[in-house]
Structure formats: structure tokens, C-alpha cells
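K.L.:
Residue strings, one per chain:
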Amino acid sequence: MIEITDLQKIYRMGDVEVRALDGVTLDIAKGEFLGIMGASGSGKTTLLHMLGLLDEPTSGKIIIDGTDISTLNDYDKTMFRLYKLGYVFQDYALVPDLTVRENVTLPAMLRKDLTEGQYRDACTDILTKIGMLDRQDHLPRELSGGQQQRVSIARAIVNKPDILFADEPCANLDTENSRMVLDLFREINEEMKQTIVMVSHEDWHKDYFHRIIRLRDGKVTSDGINDRNAH
Amino acid sequence: MGKKELKVAFLLALRSLQRGSRSSVILTILIIGMCFTNMIFLPGLFNGIGQSITKQVVDYEIGNVLVSPKTGDQYVSDLGATLDLINGMPGVERATPHFSKGATLKYRQRMLGVSVRAIKPNDEKLVSPLYTKMVAGSYLGEDDTGEVIIGRPVAGDTSIREEDEFQSSLGGVRVGDSITIDYGNGYVKDYRVKGIYYTGWSSADSAVYVTYTDMALADPKAVDNADYITVKTRPGYSEKFVKDELIQYGVSQKVQTTADLLAKSMGRALQSFAIINMVSLIVGIIITTVVLFIVITIKTINSRRQIGILKAIGVDQEVIMHSYGFQVIIMAVLGILFGLVLTLLMAAYLAANPIVTPEWSATLYLTPMDLIQNSLILFAASIVAGYVPAYQVSREDIQSAMRA
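Each protein sequence line maps, in turn, to chains H and B.
Positions 1 to 231 (the working numbering) are the ones given, in order, by the first sequence.
Positions 232 to 635 (the working numbering) are the ones given, in order, by the second sequence.
Chain H on its own, in the form it takes in the complex (with noise of 0.2 Å):
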């Protein structure tokens, strides 16, 4: 599904160089739920955005789905995250002057394969599956934290990506919210066959994961699969 080969990202600040990821090589199956952890700075995030096509590579190569991402201009990058990437960040990232239905019709509306029916009916399903229907017409600051974090997961799956990106989703939720979006995604996994890559450094979060990879200065440490969850 993802081969990574020898990706290198070197941020430089002046006569200074930082090397975020240092020659990290990898491959991620389909419908793996993947787990990329480390401390703060270990090169975690970076990782998931040059996966996201967010950010490119200072070298290597990323093939998604058969792809090779560099040959991509920004055009068509913009098409592959719409229809086959989804995104869950840190902060939500909801558009605040969207209602919640608006939030998660969003990147659906942009599909040229839904007529409309198909894609209100999409959200309408989504918002069931997360519990949010009740609160389609909100805006995302009448909402709590757990629940804007579901807005942006229901966002994140409304157009069925084959990939969904989380970059520690459950950084500002607590305990009882984080499990929620946890069981949300291990929901996903399952039901819908989505690769999962998330980025978390909350050690009992890996109970969730199928594998889990572990980067340090930007180095793969280890990886290795979690055999309660095994894929």
C-alpha cells in the first residue's frame, strides 16, 4: 500500500542543519493500523506529512497505492489527498464558520463522482456512526473537544479514503475521549478496511495499533507487530 524508501527530510535553519528523518525505510500494508511513536522531535509528525503529501521529501521515495508521489505536480497532489487520503489532526482543524455538517460535507462536495444525494446521504450515515447527528447544525466552538475530534474523524472518512492520517488525535482529549476516538478508529479499521497510520507517544495507545513503528532522531528504532492485534 505505502512503500517508503530511504526518506530523508533535512530542515535548515541558517548555517544549521536538522536532519528529521534520516534514511527511514518502509512499507505499510493495506488495511494495517499503524502506530508511529517516539518522543517529541523524534521525527514523527514529519513522517506522516511527507505521507500526507503536506510536505516533501529532501530525498527518498514514497509510492502510495502505486504511485511514486514525486511525479505528482500540485494539482494533482491536491486530488490524491481529496480522494485517497483523510486527515485527523492534533487540533481538529475544523473550519469554525462551517456547522458540522458542513465540516464533513466539505471534501465530499469537491467530488466529482457524487451528485449531491451522495454525498448528504454520506454524511448523513457518517454522522450517525459517530453520534453527531444531533448536533449537525452546530458550530465547532458550541462542541467539546471529543466531539470536534469525531467531527474531524467523520470528515477525515466521509469520501472513504484507502488511507487515513492522524497525527496525535487524542493529544487534547482526555482518557475517556480518547478511548471514544480510539474505538472510532479501530471501528473504522475494521469494518471499512482503512490503512490507518497514527502518530501518538501515549504508550497505552499501542493496545490499538496492529504495529508500531519507533522512530528516534529521525531513525527507525524499531517495528514491530503487536500480536494482541495483529493484523
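These are computed hints drawn from the structure, not numbers from a lab.
From the three backbone atoms N, C-alpha and C, an ideal C-beta is built for every residue, glycine too.
Heads up, some of the hints might be wrong.
Going by beta-carbon spacing under 7 Å, a handful of chain H positions derived as facing chain B [as the list claims (entries may be wrong)]:
1) Ile28
2) Ala29
3) Gly31
4) Leu54
5) Asp55
6) Thr78
7) Leu82
8) Tyr87
9) Asp97
10) Leu98
11) Arg101
12) Leu110
Selected chain H positions facing chain B (in silico; Cβ < 8 Å) [unchecked claim]:
13) His49
14) Arg81
15) Val95
16) Glu102
17) Leu106
18) Pro107
19) Met109
20) Lys112
21) Leu139
22) Pro140
23) Arg155
24) Trp204
Model the placement of chain B on the given structure of chain H, informed by the hints.
P.N.:
Coordinates of chain B only, in the frame set by chain H:
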């Protein structure tokens, strides 16, 4: 950009205006409205002054077409035949002769130098609205003799002392009073004041009118001569058409339209008006452009992270750019509509309460074309002002935008 993308861009724009900072939206709309009013008010007022002056000149001085003596001649001679010829032309409502003579008016202890204008009252009625401007007494009859109508400033006011007068007058002549006119050629005659008029056009109000019959007694040259003939055209006939026709059919005098005369006499004033109008227009456009540029720049800078998120979830940069563009379009349309309402309200107020000076009275003169033209110019300026920052910020890479 397809229909779906435009729909999303419009949704984002609409929601941002509806649920974003309302005070900023309202202020922006007010500013655009004020800029529109600023752009159109001064030119409209100048046009109003121009129109007012033109109307008064046409009504009380030259008509639509002026027939005056050809170079070297003192008068338009063979008056009867010339008038018959002109009045017989298609497109001519009526032609009326004028014969003026400088004279001194005497009333009690007061003496006043004026221009005595001889007219044919019935013909004059068909060319000039003077007869509708009587404020006391009545207009001249066709064969009146020994009767005169005088302008209100000439008649004066008994309550104002001579040394306090802005303009010299006869000190309070009333209808029925007798005044003496000394024509300076030895002919002196007492006239009864038949009426007092006020047109608002100082040149006419400073004169007195007698009949041609009376003037012929004072100056025999008036029998078959005129200083000039004013011609009123029929509706649907252009002044140019009538002028060309008069020349073609043998009117051997100098024939000029209002436009010809105004171009000579007011050309420089009109040029000055045009310069002021242009300055006003440019200032209005610059203010609007700068304000909108600042508003949209601030909006986009404050929304950089959101723009990054939108791009991350697959919203194309053109959709994002157009969402800001639509915001500007909506604010510009509302601002222009507000400006239109404001301008039309001011036009209605000035129509009811014109600006009056001793020389002219002016209202706001606006044509639909002025309104459309200014609306389009302001709209175009708004689009440029809004799209430039929107284009710049929408091109920013996702990482930089999201870090903002």
C-alpha cells in the same frame, strides 16, 4: 474550475461573511458605499450645475438654436421674412426675436441702468418659460404699450436701505407703479409695471421686458430688425438637425446651437469640472482598492492556518482563492447597493431642496449610465483588491500555512 468547486468556494465565502466578524463586514460594506457616493456625488453635482446653467441659458438667453447677425451686420434684418422662414421649418417649435437697448430706469429718487429687452410676448411664450415666472402682476400682452415687466432684483425691496443692497435696485417697485425709462437717445417714456418676475437666472432677472411694439416707438430700427432670434426645437428633433436645416434653406445669418455656444463660453469651466470629476473618481477607486486590499489581506493572514488545513483535506488553491474573491464580490455588491441607495436619497433630497446661488440652482444630476459606469469601475477595483492577496496566500505551501 467546475461548478462544484465554485459552489464550495461560494459556500466558504458566504459562511465566512455570515459567521465571521460581522462588524468588519458591515464596516467594509459601509466604506465601499461611501466610496461609491464619493465617486458619484461631486461629478453629479457638477453635472447638476452644468445642466442648471445650460437650462437657464436655453430658457432665457439663446433657446435651442440662436440666429444672430452675420459678421459685419449689427442686426438680423428683414425680420418678418426671416421669422416666417424659420417658423416654417420642420423641427422648429417657434422662433422669437429679441431687441435690446441700454436704458436708465427712474423711480422716485432711484436711477438704475438696465438692459431693456423687446420681445413678442406670444412667440416668447412658446420659446421661454419666462411667463411662468411671474411673482406679481401678469405677463405682457402681445400689443401692450406703456407696460413693462421687471425682474425682482430690479424692483427691489422697500425694507432694504439703498446702501445695504447687494445689487442696486429701484427700491421697492410694485405692480401698478409707474417707472420712467430713458433710452438715452432722447426718447423717455413712463411705463406702468405690469408684472414682476423671478427666474433665478441673474442675466434675465436684471433686465426689463417691453413689447416689440413699444420698442419700435423708442427705436424705429426695432420695426424690422432683431439683435438675435431664439429658436425652440420640437421634441424629437436635434438642435444640429434644425441648425443644418436653417442654413440649408437659406437663413443667411449666423446659426449656432446651444452646444456650439456652450462649448465656446463654458468649455474651460467644463474642462475644470471634468478634471475635478476625474480626481474624485481616482481617489474613490484608490480608497476602495486600498481598504479592500487591507481587509482581505488581514482576513487571509488570520486564516492562514485554516487555508493550510483546507489544502490538506484536498481543497484546491483556486477554490480557496475564489472563496475570498466571492467574499469581496458579495461585499462589493452590497457596498455598491448601499452607495446607490445613499446617492439616490441624496439626489431626492437635493431635488426637493436644490442648492441655490444668485447665478444658478443645482440638483444632483445622475444618468443611469453614470450609475452603471461607476458601479462597474468600483466593482472591478474591488475584485482586483480582493483577489491579489487571496491569490498570494492561496499559493503558500501547506506546511508554512499550517504553522502560522
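K.L.:
If a hint holds in the structure, say so; if it doesn't, say that too.
P.N.:
Here's how the hints hold up against the structure:
Hint status for H/Ile28 relative to chain B: violated, with the closest Cβ pair at about 19 Å, above 7 Å. Annotation: H/Ala29 was flagged as interfacial toward chain B, and the flag is violated, the nearest CB pair being 24 Å apart, outside 7 Å. Residue-level restraint check for H/Gly31 is violated (minimum Cβ-Cβ distance to chain B is 22 Å; threshold 7 Å). Given the 7 Å rule on beta carbons, the hint for H/Leu54 holds: about 5 Å separates it from the nearest Cβ of chain B.
Interface restraint check: H/Asp55 against chain B, minimum CB-CB distance 5 Å, threshold 7 Å, status holds. Hint on H/Thr78 holds. Least Cβ distance to chain B is approximately 5 Å, under the 7 Å limit. Checking H/Leu82 against chain B: minimum C-beta separation of about 3 Å stays under 7 Å; hint holds. Taking 7 Å as the C-beta contact cut-off toward chain B, the hint placing H/Tyr87 at the interface holds, the least distance being around 6 Å.
Annotation: H/Asp97 was flagged as interfacial toward chain B, and the flag holds, the nearest CB pair being 4 Å apart, inside 7 Å. Checking H/Leu98 against chain B by beta carbon gives a least distance of about 5 Å; that is within 7 Å, so the hint holds. About 12 Å separates the beta-carbon of H/Arg101 from the nearest beta-carbon of chain B, more than 7 Å, and the hint is not met. Proximity of H/Leu110 to chain B holds as hinted, the smallest CB-CB distance being about 6 Å (cut-off 7 Å).
At its closest, the beta carbon of H/His49 sits 7 Å from a beta carbon of chain B; the interface hint therefore holds under the 8 Å criterion. Hint status for H/Arg81 relative to chain B: holds, with the closest Cβ pair at about 4 Å, below 8 Å. At its closest, the beta carbon of H/Val95 sits 6 Å from a beta carbon of chain B; the interface hint therefore holds under the 8 Å criterion. For H/Glu102, the suggested interface contact is upheld, since its CB lies about 7 Å from the closest CB of chain B, less than 8 Å.
Hint status for H/Leu106: holds, given a least beta-carbon distance of 7 Å to chain B, under 8 Å. Because the beta carbon of H/Pro107 sits about 5 Å from the nearest beta carbon in chain B, less than 8 Å, this interface hint is met. Because the beta carbon of H/Met109 sits about 5 Å from the nearest beta carbon in chain B, less than 8 Å, this interface hint is met. Evaluation of the H/Lys112 hint against chain B yields a held restraint, the C-beta minimum of about 7 Å falling below 8 Å.
Nearest Cβ of chain B to the Cβ of H/Leu139: about 7 Å, under the 8 Å cut. The hint holds. For H/Pro140, the shortest C-beta to C-beta distance to chain B is roughly 11 Å, which exceeds 8 Å, and the interface hint is violated. Of the supplied interface hints, the one on H/Arg155 holds, with its beta-carbon coming within about 7 Å of a beta-carbon of chain B, less than 8 Å. A hinted interface residue such as H/Trp204 counts as satisfied when its beta carbon comes closer than 8 Å to some beta carbon of chain B; here the least separation is about 28 Å, so the hint is violated.
Taken one by one, the earlier hints fail for this structure at numbers 1, 2, 3, 11, 22, 24, listed in ascending order.
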